[in-house]
Amino acid sequence: LAKTTQPISMDSYEGQEVNITCSHNNIATNDYITWYQQFPSQGPRFIIQGYKTKVTNEVASLFIPADRKSSTLSLPRVSLSDTAVYYCLVAYGGATNKLIFGTGTLLAVQP
Amino acid sequence: EAGVAQSPRYKIIEKRQSVAFWCNPISGHATLYWYQQILGQGPKLLIQFQNNGVVDDSQLPKDRFSAERLKGVDSTLKIQPAKLEDSAVYLCASSLDLGPYSGNTIYFGEGSWLTVV
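Chains as they are written, first to last, in this note's numbering: chain E, 1 to 111; chain G, 1 to 117.
Note that these hints are calculated values from the structure, not bench results. All of these numbers come straight from a predicted model, not from anything done at the bench. Note that the Cβ used here is the ideal one computed from N, Cα and C, for glycine as well. Wrong hints could be hidden among the right ones.
Said to hold, decoys possible - With a straight-line Cα cutoff of 25 Å, these simulated DMTMM-like cross-link-like pairs (lysine to aspartate or glutamate) come out: (1) E:LYS3 with G:GLU85; (2) E:LYS98 with G:ASP74; (3) E:LYS98 with G:ASP57; (4) G:LYS44 with E:ASP82; (5) E:LYS3 with G:GLU68; (6) E:LYS98 with G:GLU14; (7) E:LYS52 with G:ASP97; (8) E:LYS98 with G:GLU68; (9) E:LYS3 with G:ASP56; (10) E:LYS98 with G:ASP56; (11) E:LYS3 with G:ASP74; (12) G:LYS44 with E:GLU17; (13) E:LYS98 with G:ASP97; (14) E:LYS98 with G:ASP63; (15) E:LYS98 with G:ASP86; (16) G:LYS11 with G:ASP97.
As the list claims (entries may be wrong) - Label pairs and their computed distance ranges (CB to CB): (17) E:THR56 with G:GLN41: 26 to 36 Å; (18) G:SER18 with E:LYS69: 11 to 21 Å; (19) E:ILE8 with G:LYS83: 21 to 31 Å; (20) E:THR29 with G:GLN17: 27 to 37 Å.
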């Protein structure tokens with residue numbers, strides 16, 4: 001049974017780098033990980049997606065280690081407006097063939 | 001580019017009543033998803049369509065939930081009769097092709113909030 005877990009919550013201060021980890025069964029080499037940000041009363045908003053070692057866009061980076069048993073969302077220099085719940089979504093291919101969301105991490109950014 | 005549209009945004013009904021939610025996906029997106037998100041939890045996939053066909057409905061409580069996607073565009077999710085535990089946000093989402101299985105992103109609407117009293 002595919003399982004995808006995240007820390008329940010994290011605290012940070014403005015200007016710091018934040019790393020949020022998603023632990024999952026070891027995924028195949030071409031299984032994608034997607035990260036979303038969700039504010040109260042809104043739908044999840046796309047942040048970043050990838051399947052390789054490192055992916056970077058203008059707002060975040062995604063790291064997937066060689067054993068592919070976890071992935072990490074890295075947010076550089078967070079601000080108060082980054083306070084939200086962050087979810088990973090794992091596209092398990094092969095025999096599993098399921099899209100499974102992580103348990104979600106509430107990030108609280110303080111001044 | 002317009003996003004995923006959903007209506008109504010909020011609905012309060014009594015248990016045993018029925019409710020329907022409507023979704024209009026992003027133009028050109030072949031795949032449409034309905035998720036249920038209970039407060040404090042991650043979204044759970046209820047049903048996935050590719051064009052008109054159902055790809056995955058393994059977690060849809062078929063005794064009370066139904067969904068259709070006529071003409072491969074808009075979709076409707078219905079609950080009848082509703083139970084207290086159906087109180088949740090119902091999120092519609094869409095993607096190109098097979099979504100993350102083919103490297104495409106799933107985009108979500110703002111959700112329809114259901115309270116069953």
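Those earlier numbered hints the structure runs against, lowest number first | Structure breaks hints 5, 6, 11, 12, 16, 18 and 20.
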